[in-house]
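Engineer: Each chain, letter by letter, is given below.
There are 2 protein chains.
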Amino acid sequence: MNPWHLVRGLARLVAGRPRTPRALAGNETLRTVLERRSIRRFTDRDLPDDVWRAILEAGRVAPSTVNLQTWTFLVFDRAGWEATFDRSLPMGAPRAIMILADTHRARRVVEGFPSVPMCDHTVGVMNASLAAMNMTVAAEALGVASVMLSETGKTGFYDVAELATVLDLPPGVVPIMTMVLGWPAAAPPPMPPRLPLEAIAFAGAYRETPQRVLEDWYEQMRAGYRASTGQDFQRQIDHYNRRLEAAERELRERVLGPDDPVR
Amino acid sequence: MNPWHLVRGLARLVAGRPRTPRALAGNETLRTVLERRSIRRFTDRDLPDDVWRAILEAGRVAPSTVNLQTWTFLVFDRAGWEATFDRSLPMGAPRAIMILADTHRARRVVEGFPSVPMCDHTVGVMNASLAAMNMTVAAEALGVASVMLSETGKTGFYDVAELATVLDLPPGVVPIMTMVLGWPAAAPPPMPPRLPLEAIAFAGAYRETPQRVLEDWYEQMRAGYRASTGQDFQRQIDHYNRRLEAAERELRERVLGPDDPVR
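Residue numbers (this note's numbering), protein chains in the order written: chain A, 20 to 282; chain B, 20 to 282.
The shape of chain A in the complex, shown without the other chains (with noise of 0.2 Å):
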């Protein structure tokens, strides 16, 4: 990489962190979610009960799709998920939600519904995440620093297949990602760069972003990596690119039954 190239992209990333209105930061709550950071290290020490427990009162009470709360939340602690999985809880948090889109629960009281499981699954994804974001920041509200993977040492959808055998899930559940938990052990990292604004949200009719933006965000996610992990970004990309296409045979066969056909 260009060394100017990485330069820039660095004083980018800086400039680029999100700001509270003047006028409103005053706003605690505002202020939390703007300033959320996903944390990667944790210290020994466990959560309490009542902190653990709001955290996922906040899953529990999240909006769902007509009130069906189609979500389970698989909770663990270190010898949890050892005992479980038999590996060690990633990053070395002291607690672990595994967050599993769940349409089963639901088909088995509300009668009638006819079998569609694309739409199961959007609705499933969709509502388990909104379900996990709500939690994330009732962590972040108590102080308690977390990250939401999926990708990551078997954590989520990518690994679907492993997932339900060692979990033996019925047909309709599919592991989602798992929010790691802990109190952090170190500062937040810089927010990785996010595109601006303008480049994602648009009045009335969807545009394409421009090119130019694009790879000036690319280039600041790359020096950011760089800053970061000293490697280069596109070894992260390779890293998924090589799981991917069992993920993609893994995660059809879940969702639309053995017997669909696979392109």
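Any given hint could be a false lead.
Identical copies go unnamed one by one, so any copy, or any two together, can satisfy a pair.
Only pairs whose alpha carbons sit at most 25 Å apart, straight line, appear in this in silico SDA-like list of lysine to any residue [what the hints assert, rightly or not]:
no.	residue 1	residue 2
1	K173	D63
2	K173	R126
3	K173	G223
4	K173	Y225
5	K173	V85
6	K173	V129
7	K173	T103
8	K173	W71
9	K173	P133
10	K173	P136
11	K173	S134
Worth flagging that the hints you see were computed from the coordinates, not collected in a lab.
Place chain B on chain A using the hints.
Structural biologist: Then chain B, alone, in the frame of chain A:
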């Protein structure tokens, strides 16, 4: 419906409301998250620019898989919605944000991803929903009422074919839901019944929610629906069912492509 069941359902509705743990009751952000309600009645008054911008900023800074920000926000005022869709903005709200799962944009700049439409859809829906929840919490923090719609008034993935045509969306862009927003015109309605935490969160292994708990919850759903609308909840379910088979076909074609066989 048995009147005693109705009374019992309503009593449990009240008893099942979210509670902030006593020791954490001073936490404003936690309270905002736990007491947030979906609101469907709005005053005529528009939102000021700084409030509107802060809500969108909460979407922009939401977390996403590999920070790929696979979302697009289409923003509307009443006139813009009517000009685009030739109908009124749902529920008389002054503003709307249609949230699209968008893996098309990232694919223009990140190199070498294989074609994995089900993974793209899953990651797109997940990230779009995280952004939607972050915007909802930011709105709530600012006193702005909102509700996320995905099946009411052609606002989300149940009407993907029509929306993709009207909005001229490229492949890889899927409308998921629409948040409608404004100042609340009425006190919040009671929270619709949530399943108890013990029925949706399990330590270490998936468990089936007892049928009795599910039926009890569904009785509360029906009682609450009847109390607020005077109608039978089964009517709402039947309404969705009539749309679902067409939605399944349209969504599969949008996500998997027109050549993919439909079961």
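Engineer: Looking back at the numbered hints, which does the structure fail to meet, lowest number first?
Structural biologist: none
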